[in-house]
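Chemist: Make one complex out of these two single chains by using the hints.
Single-letter residue listing:
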Amino acid sequence: MLCLLFFLVTAIHAELCQPDGENAFKVRLSIRTALGDNAYAWDTNEEYLFKAMVAFSMRKVPNRETTEISHVLVCNVTQRVSFWFVVTDPLKNHTLPAVEVQTAIRMNRNRINGAFFLNDQTLEFLKIPSTLAPPTDPSVPIWIIIFGVIFCIVIVAVMLLILSGIRQRRRMSKGPTEVDDSEDKCENTITIENGIPCDPLDTKGGHINDAFMTEDERLTPL
Amino acid sequence: MEKARPLWANPLQFVFACISYAVGLGNVWRFPYLCQMYGGGSFLVPYIIMLVVEGMPLLYLELAVGQRMRQGSIGAWRTISPYLGGVGLASVVVSFFLSTYYNIINAWAFWYLFHSFQDPLPWSVCPLNSNRTGYDEECEKASSTQYFWYRKTLNISPSIQDSGGVQWEQGLCLLLAWLVVYLCILRGTESTGKVVYFTALLPYCVLIIYLVRGLTLHGATNGLAYMFTPKLEQLANPKAWINAATQIFFSLGLGFGSLIAFASYNQPSTDCQKHAIIVSLINSSTSIFASVVTFSIYGFKATFNYESCLNKVILLLTNSFDLEDGFLTASNLEQVKGYLASAFPGKYSEVLPQIRNCSLESELATAVQGTGLSFIVYTEAIKNMAASQLWSVLYFFMLLMLGIGSMLGNTAAILTPLTDSKVISSHLPKEAISGLVCLVNCVIGLVFTMEAGNYWFDIFNDYAATLPLLLIVLVEIVAVCYVFGLRRFESDLKAMTGRTLNWYWKAMWAGVSPLLIISLFVFYLSDYILTGTLQYQAWDASQGQLVTKDYPLYALAIIGLLVASSTMCIPLVALGTFIVRCLKRGDTPPVA
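If you read the protein sequences in the order shown, they are chains H and R.
For what it's worth, UniProt numbering labels the leading residue of the first sequence as 1, then goes sequentially.
For what it's worth, UniProt numbering labels the leading residue of the second sequence as 1, then goes sequentially.
One chain only, chain R, in its complex shape (with noise of 0.2 angstroms):
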């Protein structure tokens, strides 16, 4: 072994590329969501004992791994145990289903950032139907945010089985995202290693002047009181609970390889406990400082919308009973109704269906995750801030440094043992593996642009990595703890880092976090085996909203493929092995 191993400049270049992988997109689009859902402040005991518990554990571990034997995913666990090859193997293979569907929002993002910069932004007023006295139908039914997502962006089919072509625009925009990330890797670690000085501290600048901002819209603190209003309540829910391990454990992005990937181009000597706890603290962190932003701006928004619903109806009050104008107001409203109906009871009752009520809660109650919130809520909320072109493009912009920084993470996952494998990185040099990598993820993630393309990124994101993940670090947990054993783990981290094992990590690690996991693990499996038959939400044109639609037969068949060609590679790899060593033993007389 002549080549030494490429490494981190400094030990910063290690802290801020695990940051600026951990902090991604969920921290932004996911968190919010949850913590609106299961009980606004008091949501937050739940998460952070997860992250004590479950969060930091897991963290250290697979930085330790990584730093002790100092390769990808699959040279760690083949030394472990030669039988653990698999886990590897099923790490990169998540890796890459998730590096194929990730980078499409990098594609959107790119998509959104470019029409930002016009005047109007698009998404903030319908287009004019065909004679032009009126505007587009779905426009009207949906909202112009939705149309434009919807109908602009996606294109979307109204189901699963329409595929309809490749829309070249975002297939442009992909192809786009895919140089950037190669652009990113293409020197390994002395590329990706300044890269993530930016990918890491971008988004807190954004994230900064967007809570500055934030804080000061109207109606903003009608958001923050109610996210942080405490329900206690929901503390009994054992849903909280579980939502609350599986975002810290999805967040961190456990069982990928990409933090034993980092972790390789480690001094041995780091102190990778403390960079545990750091990262973790800094990732859960930015969860709750993104969410006070996103709910500011939810605040805003539904303040708006709840103000723009009450106009309506002074307005249409107004123009029924010929009101002088500007003699109703929001104060006066319901006085003024209660006159109305007494006095002209006949014309008041023809009005009447067409009066809405307007409540600011259930504006503020919508919640939305995921892609619905950022490209369709949040530009909703963008677009009626004054200057919306500059908060669009910031915005934007800071998606697009999370979603890149986490895809840096992603391919180092491939990446990594492609690289460390001697049969490979001996015919072809690094920049033609990452190459051929981004290649390859790129010619699939067309799929994804397709017309239907949005449903299939709803069955990757829901599916490929979710159950996966948790078998493989529950099999990575085993393996460390009794496979390698335990004892001869802790000696071999004192004599890499010079400190001695604290007995906290070796009680979790033995015995807590495995236990939640398999307890993560069971509630998984039944809740899919419950609900049945799964289902898709899918965007109907005529009415302008999202409709409940059965997976046909072979996308429920491609579900279950995603799930078990990762799945499937513990098992195989190890038997395997098994029978290969079976083989060569059966040469040689055994040794007594």
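Only chain H is shown next, with the shape it has when bound in the complex (with noise of 0.2 angstroms):
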């Protein structure tokens, strides 16, 4: 008698937890892509882990605090390592809704990863879409504080130079015999040959062709 109930909960068992069965989700892990050389295997006292932390996080949904271990079903477990599992109610005879499940891992899905070192793209819950975290955004966007940074040394910069070019051009028509030779290079030359000012060639009458004249032909080279 004992052996036909101890045979008929595991067909049940069976039954309930089936790829593509009601309410069950599959579960792919990838954990040499994750970890390469310090891998660990995939055995049972991994799958037992599993169990716990699904577990753990059916017990945090209202109405389901006393999910145990037991309750979680693992079937179909592949090379890949894949596998398929439900959770029953603690009298065993049927699924808990998926959308239950879902929530419950969606909200814990962080101390899932936690607890196999891997992230929501190596250990995938097919059918439970995660959250994907929200862009940090900044309260000032950070390139408004560098534009602002640089355009206000450029403004100080032009403004620096417009006033000194003024303050220049003060100074040049208040002396204008002064020679000021700090950064005007070649604005006022007047050259002197022989202590006698040259003047520039009378340039109001007549059509002054520019091909055949340059400033520095006036006066013969030495």
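Simulated from the structure, these hints should not be mistaken for lab results.
Incorrect hints may have been included.
Simulated crosslink set (DSS-like; lysine-lysine; CA at most 27 angstroms straight-line) [to be verified]:
1. R:Lys-347 / H:Lys-127
2. R:Lys-337 / H:Lys-174
3. R:Lys-312 / H:Lys-127
4. H:Lys-26 / R:Lys-312
5. H:Lys-26 / R:Lys-422
6. H:Lys-127 / R:Lys-141
7. H:Lys-174 / R:Lys-422
8. R:Lys-337 / H:Lys-26
Modeler: This is the structure we're talking about:
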């Protein structure tokens, strides 16, 4: 009688957890991709940890605080590593609705990932979409700050140059005979030969052909 | 004439100014594309031949004219012949168009530069969609770098007709770009002469750093091998020669009047022949150097994409057949595929449509030029490098230096004739003239910050300068050789620099170069006429890729206006001068 009951129970279990079964979810792990040489092997102990994490997640759902590890059934483990799991109710005769399991897993995804050293891409729950991390938007976009700094620097430099240019011009208009040799290289050179200033050619009358007159040729080079 | 002309503080400033102007974005983003399209290593043959036959003589001519006439382009050509002032005016008009649209590239470079100080880089991840379960749809269909360029930077509209509004972020960056240019040209050669040390040298520093980094990247050798393997059959392709000639021509920036402007600030005894050869050699070698860097980056990106593609296929097969994780690798992929096809034929045929054929060659063969290369392809490569923020900052800083260096030349081409003109310079100080020019250009440039702005940018980029420049330079050579007289020019140069003109230059100026330019001009015209309606590439957000569309009528009209407004200056001014002279001669009886 007990044997029959045992077989009945395992048969029911087998029926409850099936690939594409009602309320069943497929899980896929890519341990070697995530950890490389530090990859651990997937064995029944890891399965036990997985069941524990799922039970833990279910316990956080209101009305399901009494979920035990034995209520989580795992089946069809492949080499990949992938398997299917369902969560049954305490009486073990039907599976819990998929929506509840989905919500529970989504709430605790980070804890589950952390327990296995994996992330959303390497520990996949098919049909349970992961909530992607929202982008961290600072209150003021960074680019505006940098833009503002460079903009202010350029404006200040432009102002300085313009002001120094105005000051120079004022100084020049006050004293045209003073030789200002600091910044102005060739603005106002009056050529002096033997102490006598040489007047430039009279440009008022006639038509000047620039091709035949250049400033430097006024004086015969020594 | 009491005010002596401002001069460069030393000849090195002049050389740096020319290098800074000539070495621009075209060296970085057009030459590698041409190299890839027309036979890799074998493209260097037509390129170097064109450099020697066309580039050096034309550059020497412009520098010599500027140094001899000591005026900006309008004054210089009016001196050569009073009927040819229109050539100078056409140069100024073309330079004006160029500076209007060129600075938007600097604005984009600023935008990317400011965004490079974030972790992760904003173009490396797609933003999330509204319910946070997946990524934004447009970003999924295209790639994250394309999405950042087309949506976040340009906010591009589906066609040129939908103008949209001015993007204030781009407008701010454009304003900053013009302020920086104004800062550099504010004091004329005094300030420009100091800035060009940076704009000429810093890009080389960055290129060298990138060269070292690029060559050590995984997969760089794939790109280099692909590029430098000569495909000698391309030498027979006339397009390769035409494109080499065009690239040399536009890369040196001939015909804009900038070189004449720079040379006019030289001491008359400067050896411009030596400078012409140095500048053209440096320009071409920078192109080749930049393409080595670009191809190592290409190789890295192509290898990365190829390996991701393979990994996707491996993941797909591993998941479908529940194979052990890590069992499938790139080396045994084909073998296992064959085994699976034979062992599980039903399931394999289900999965087969999703398996992409990954090919390294097809990844390498994606040839891109222009803004797409810098802002989409390079950013994609940079986001996969370690310490990507640093590389991104360096790269966009280099683009900025190159762009601003070229802008200095463009604005000099406009400002020099204006400051030379006694009417304008007697009323306004040169700071005010520069400020006005920058302001006008900035306001017009806001057109390119609209949602359809990139389409207008492409119009200006393709049509504003190409045909008019060819005509301008052709008239320039003919003017110097035949109107002014080659012998007279030769003796002037000898008097000025003290060196006799080599027979080579005379042969090139009188014969070879004009013929080359005429053939280029004819080719371009016939190309435009044969293509019929002009088309452009529009970004389709729903498909996540570019689609070809026809230009509307008003855009075609504007293209025609752009070309006509500069080319018509030459005959119109000649006609005007002729009429004025006739009228004057009509008053006084002609002297026998």
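Chemist: Now look at each hint and say whether the structure bears it out.
Modeler: Hints and how they fare:
1. At most 27 angstroms may separate the alpha-carbon atoms for a hinted pair to count; Lys-347 (chain R) and Lys-127 (chain H) meet this at roughly 21 angstroms.
2. Only pairs whose Cα atoms come within 27 angstroms are accepted, and Lys-337 (chain R) paired with Lys-174 (chain H) is rejected, the gap being roughly 90 angstroms.
3. Under the criterion of a C-alpha separation no larger than 27 angstroms, the hint pairing Lys-312 (chain R) with Lys-127 (chain H) is consistent with the structure, at around 20 angstroms.
4. Taking the CA atoms of Lys-26 (chain H) and Lys-312 (chain R), the gap is about 20 angstroms. The hint holds against a cut of 27 angstroms.
5. With a C-alpha separation of about 84 angstroms, the suggested pair Lys-26 (chain H) and Lys-422 (chain R) falls outside the 27 angstroms cut-off, and the hint is violated.
6. About 22 angstroms separates the Cα atoms of Lys-127 (chain H) and Lys-141 (chain R), which keeps this hinted pair within 27 angstroms; it holds.
7. Between Lys-174 (chain H) and Lys-422 (chain R) the alpha-carbon distance is near 23 angstroms, which keeps this suggested pair within the 27 angstroms criterion.
8. Distance restraint check for Lys-337 (chain R) and Lys-26 (chain H): the Cα-Cα separation of roughly 25 angstroms lies within the 27 angstroms cut-off, and the hinted pair is therefore satisfied.
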